[in-house]
Amino acid sequence: MTDQTRGWSRRNLLATSIASTVSVTLLGRSGAEAAPATVQTNPRDPVNVTLRVNGRQHRLSFDVRTTLLDALREHMGLTGSKKGCDHGQCGACTVLVNDRRVLSCLTLAASADGQEVTTIEGLAQSDGSLHPMQQAFIDHDAFQCGYCTPGQILSAVACVKEGHAGVDVEIREYMSGNLCRCAAYPNIVDAIKQARPKMKEA
Amino acid sequence: MRPFQFARVEDVKAAIHAHTGGGRADDVSASNSPNQYLAGGTTLLDLMKLDVMRAARVIDINALQQTNSGKIEFSSKGLRLGAMVRMAQAADHPDVRKHFPVIGQALQLAASAQIRNMASLGGNVLQRTRCSYFRDTSYPNCNKRIPGSGCAALDGFNRSHAVLGVSDQCIASYPGDFAQALLALDARVEIDGPTGAREIPFAGLHRPPGKTPHLETTLAPAELITAFSVPPAPWARRSLFLKIRDRESYEFALASAAVALELDGGTVKQVRIALGGVAALPWRAKEAEAQLTGRQLDEQTIESAATAAFAQARAREHNAFKVELGKRALVRALHQAAALEI
Ligand SMILES: Cc1cc2nc3c(=O)[nH]c(=O)nc-3n(C[C@H](O)[C@H](O)[C@H](O)COP(=O)(O)OP(=O)(O)OC[C@H]3O[C@@H](n4cnc5c(N)ncnc54)[C@H](O)[C@@H]3O)c2cc1C
Ligand code: SF4
Ligand code: FES
Ligand code: FES
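Top line first, the protein sequences correspond to chains H and F. Residue 1 is where the first sequence starts when you use the working numbering, and the numbers rise one by one after that. Residue 1 is where the second sequence starts when you use the working numbering, and the numbers rise one by one after that.
Here chain H stands alone, though its shape is the one from the complex (with noise of 0.2 Å):
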């Protein structure tokens, strides 16, 4: 999608399904063309968002202050991501939006109105043939607990998919934002490793 379409298809959507929220204080004065693209100015009133998730599309209701983390998990029965922190220091709650990697805990649902989304249950193929990333995490055995894998992988696939999964320093760097607190690193990196030319094939 360009990104006129999207603002197009946004503003659409918004036309749509926001016009009752429109305020008046803040479309008054100046005219059409300084107008917010969306508004919600009842903080009380639910907000209205489109989210394209590991490809589905999920229209969804909400209080404005809803994470995308607990959408995810809460609205869209979608558990793999993780709330570790709940606060951008762990990285478990990692989703890849328009395939790049962010924290879910700290994007606003709202924000990722119109977005693609991928979490972890959004990589095997529908067959269920898993991801060279998914798979090399058990063939290294990547894990212990499993808390912070959903959120390791993403990472990971994104870590190779930026060019930045080189040499393991540059590994372990990239992946520094994912905290596991059983200490699967050194097999996390052996992972990636066999995973970069796989994913390269694919």
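It is possible that part of the hints are untrue.
[What the hints assert, rightly or not] On the chain H side, residues computed to face chain F include the following (Cβ under 7 Å):
hint : residue
1    : LEU106
2    : TYR174
3    : SER176
[To be verified] Derived DSS-like pairs (lysine-lysine); straight-line CA-CA distance at most 27 Å:
hint : chain 1 : residue 1 : chain 2 : residue 2
4    : F       : LYS211    : H       : LYS193
5    : H       : LYS161    : H       : LYS198
6    : H       : LYS83     : F       : LYS49
7    : H       : LYS161    : F       : LYS49
Calculated from the structure, these hints are not laboratory results. Cβ coordinates follow ideal geometry from the N, Cα and C atoms, glycine included.
Chain F with the ligands: place on chain H using the hints.
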């Protein structure tokens, strides 16, 4: 987190309008305003969850990355970094890395890959201190959070706190890295707001805590940073960022040094030094620069520059180590900059 009004805007004008509601902003300070712009959210949402920031209206400016504020431009006039550029974008940009290494390194050594994908350059320079008494509302004494309430850190656990630029009202350290790179390279800040556009030197953005630690910057509420511009300079190529921290990665600086050097043989023609981790605000070490300018860059002048940089340091019980650590960081950064092959 408290409930808030939410707006998403697509250009600067709409952002300012949504912030002010079409009227004039009458709060004193941007960081304490009930209306807050939302960029990456890595500071704002964190602090709203902690109830330290209590925004009543949140204006999502992420769509501004489709405007000029989302661009990196490099020309003979220097570098222009849009405020909505993400940290990772600027850190990976070939012109930034080649011509302004200190900027690329300061960004790359900050936070984590995920946070650098989210966080904007504008939000980065406005990040708030990591002082644990500021972040924990169960402590009643924090002049930054509640003006006039006192400072729990003065006689508390102050290991991470600042030794330069502090006051008896607040010793919180400025936590970021990128700001020091901008300061060292004499960057400027482009600002738009309800009363029009203006431009200020980066050095004029942050305020020392003094008697008003809750006023952190000179930005008025509803003012929006649109870009940073960095002039070309002969010292920009020979520049670097050195960061010392408790762990190797994904950690704030205990001490950092941004240095940029112009050498003529072994003599210093020009030098720019900014220090982080040790100061209440991004800290330009002019005394150290003066010790070096026009001198032979040797062990002795470097030592005397480091001494000069920390001559005014005021340490508390747990952070006295930062004086020595800060000096050594600066000494090492200067040696490394001098040894760069460019
Ligand atoms: C675990 C963790 C580790 C970190 N480690 C580091 C580190 O090592 N080094 C480092 O430098 N930083 C570090 N950070 C801080 C991080 O870099 C900042 O939180 C981030 O850069 C803020 O940018 P943002 O776009 O997310 O800002 P937001 O959270 O969206 O905004 C922050 C503030 O700036 C205002 N604002 C945002 N954009 C503008 C604008 N254009 N004009 C006017 N006002 C604006 C907002 O209203 C808000 O008040 C870390 C953060 C976390 C959570
Ligand atoms: S150092 Fe500053 S931020 Fe920390 S408790 Fe004291 S006043 Fe508050
Ligand atoms: S839960 Fe998001 S970083 Fe820890
Ligand atoms: S496997 Fe237990 S936290 Fe990483």
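**Request:** Report holds or violated for the interface hint on LEU106/H, using the least CB-CB distance to chain F and a cut-off of 7 Å.
**Result:** holds, 5 Å
**Item:** 27 Å limit on alpha-carbon distance, applied to hinted pair LYS83/H and LYS49/F
**Value:** holds, 14 Å
**Request:** Take a quick look at whether LYS211/F and LYS193/H sit within 27 Å of each other, Cα to Cα.
**Result:** Cα-Cα ~54 Å, so violated.
**Prompt:** Holds or violated: are the alpha carbons of LYS161/H and LYS49/F at most 27 Å from each other?
**Reply:** Violated, at about 32 Å.
**Request:** Compare the distance between the alpha carbons of LYS161/H and LYS198/H with 27 Å, and conclude whether the hinted pair is satisfied.
**Result:** holds, 12 Å
**Prompt:** Does TYR174/H pass the interface hint, meaning its C-beta sits closer than 7 Å to a C-beta of chain F?
**Reply:** Status holds, d = 5 Å.
**Message:** Hint SER176/H vs chain F: min CB-CB distance below 7 Å?
**Reply:** With a closest approach of 4 Å, the SER176/H hint holds.
Checked against the numbered hints above, the structure breaks hints 4 and 7 and satisfies the rest.
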